[in-house]
Each structure stands twice: as structure tokens, then as C-alpha cells.
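Undergrad: Sequence:
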Amino acid sequence: MKTLSKVIAIGTIGLFLASCNNNSSELQTKIDQLEAELQTFKDAEATTQKRLVEFDTLDFNYYTNQDWKNFSHSHKDDIVVYNADGSISKGLFPNHINDLKPMFVFAPDTRIENHPVKFGNGDWTAVIGELEGTFTEPMPIGEGKTIPPTGKKFKLRMATIAHWDGTKMTEEYLFYDNQSFMKQIGLAE
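All letters in the sequence shown, in the order written, are residues 6 to 194 by my numbering.
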């Protein structure tokens with residue numbers, strides 16, 4: 006009887022150890038899968054963070070300083086831009102750049118110095134920027150006519166949603182409240 010008990014105990018222990026080896030192999034496979042998923046996530050997050058840093062450089066340096074030639078660092082030549090006024094620009098030079106220049110004519114101190122909210126996922130980023138300036142120069146309105154400056158400051162929250170292909174944007178969606186802008190510079194109530 007003691008021998009039978011020993012045989013059963015040894016058999017049970019053997020089965021348990023074999024099961025542990027089998028489970029250990031399964032667990033290692035699962036760990037390897039999870040580590041690969043984590044690395045994929047880390048790589049994607051690193052790409053998103055690089056794009057957001059590029060966006061900071063774009064707004065804080067290139068836009069604010071009207072360094073139009075350096076927009077090509079972050080914009081594809083054939084970018085499609087959906088502007089806040091509903092118009093669509095196709096192509097970086099001259100179309101998109103020409104859409105950006107008029108603000109600096111009547112508010113030469115126009116700048117973006119802060120992105121209080123920024124995030125991304127996959128090939129998309131979203132940034133809220135604070136667009137600031139002062140209406141100090143005549144505003145051209147066409148046919149040689151201008152609106153005299155009011156000297157009023159403006160500060161607008163704007164949002165930019167961007168679709169990326171590698172290191173450059175292929176699409177850009179710009180949003181800000183034109184009515185709020187007109188009120189702030191004294192052209193609307």
C-alpha cells in the first residue's frame with residue numbers, strides 16, 4: 006500500500022511538473038506577445054511625440070516668424086488644407102502659404118506661443134493653439150480698400166487636426182471662431 010501511495014504521489018508530482026513546464030512555455034509565449042505589443046505601442050507613441058514636437062516648432066518658430074520656406078519640414082508639397090473660413094487650399098506653395106500671410110499685414114505681431122492641449126493617435130495629431138496679435142496696420146479688404154486699425158489685441162483658441170504620412174502632414178484642418186476674432190479686433194459686436 007505504501008508503495009502504491011508513493012507511485013501515485015510520484016506520478017502526480019510528475020504530472021504537475023510536466024504541466025508546469027507546459028504552462029511555463031505558454032506563459033513565456035504570452036509574455037513575448039505582450040512585450041511585442043508594448044514595443045509597438047511605444048514606437049507609435051514615440052512617432053506621435055515627434056510629430057507634436059514638430060508641430061510646436063512649426064507654430065512657435067516658423068509661423069510666428071513667417072519662416073515660410075521651413076513649412077516644408079512638416080508639410081507635404083501637395084498638402085490639402087481645410088481653412089477655418091470653409092475654403093480649401095491645395096498645395097503648400099503658394100496656396101497654403103498665401104492663406105497664412107494676410108494676418109501679418111494688419112497684425113504684424115501675430116504669433117502662436119502655446120499649445121495647451123496636444124495629442125495624437127496613429128497618423129493623426131490634434132493641437133489647440135493660442136493665436137495672438139494686435140490690429141495695428143490697415144486691413145486690406147480688396148479693390149484697394151482697407152479697414153483702419155483699431156489697436157485692439159486678440160487672443161484666439163484655435164485647433165489644428167493633422168493627418169500625417171511619415172514625418173509630414175498630408176491634410177490639415179484649421180478651426181477658430183471668426184466671430185470672436187472680429188469682436189476682439191473691434192469689427193463686430
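If you are wondering where the hints come from, they were derived from the structure by calculation, not from laboratory data. Check each hint, because a few of them may be wrong.
[Said to hold, decoys possible] Taking lysine-lysine pairs in the BS3-like style, the calculated list, with each CA pair at most 30 Å apart, reads:
1. K160 with K123
2. K173 with K188
3. K173 with K81
4. K95 with K35
5. K158 with K74
6. K35 with K106
7. K158 with K106
8. K47 with K106
[Unchecked claim] Each pair of labels, with its calculated beta carbon distance range:
9. Q54 with P154: 39 to 49 Å
10. Q38 with F98: 25 to 35 Å
11. D61 with D90: 18 to 28 Å
12. A193 with E40: 25 to 35 Å
13. A41 with G96: 32 to 42 Å
14. H78 with A193: 15 to 25 Å
15. D48 with G191: 45 to 55 Å
Cβ atoms here follow ideal geometry from the backbone N, Cα and C, with glycine treated the same way.
Undergrad: Give a verdict on every hint.
TA: Here's how the hints hold up against the structure:
| no. | hint | verdict |
| --- | --- | --- |
| 1 | K160 with K123 | 18 Å, holds |
| 2 | K173 with K188 | 35 Å, violated |
| 3 | K173 with K81 | 6 Å, holds |
| 4 | K95 with K35 | 47 Å, violated |
| 5 | K158 with K74 | 28 Å, holds |
| 6 | K35 with K106 | 55 Å, violated |
| 7 | K158 with K106 | 18 Å, holds |
| 8 | K47 with K106 | 38 Å, violated |
| 9 | Q54 with P154: 39 to 49 Å | 40 Å, holds |
| 10 | Q38 with F98: 25 to 35 Å | 46 Å, violated |
| 11 | D61 with D90: 18 to 28 Å | 25 Å, holds |
| 12 | A193 with E40: 25 to 35 Å | 57 Å, violated |
| 13 | A41 with G96: 32 to 42 Å | 40 Å, holds |
| 14 | H78 with A193: 15 to 25 Å | 36 Å, violated |
| 15 | D48 with G191: 45 to 55 Å | 49 Å, holds |
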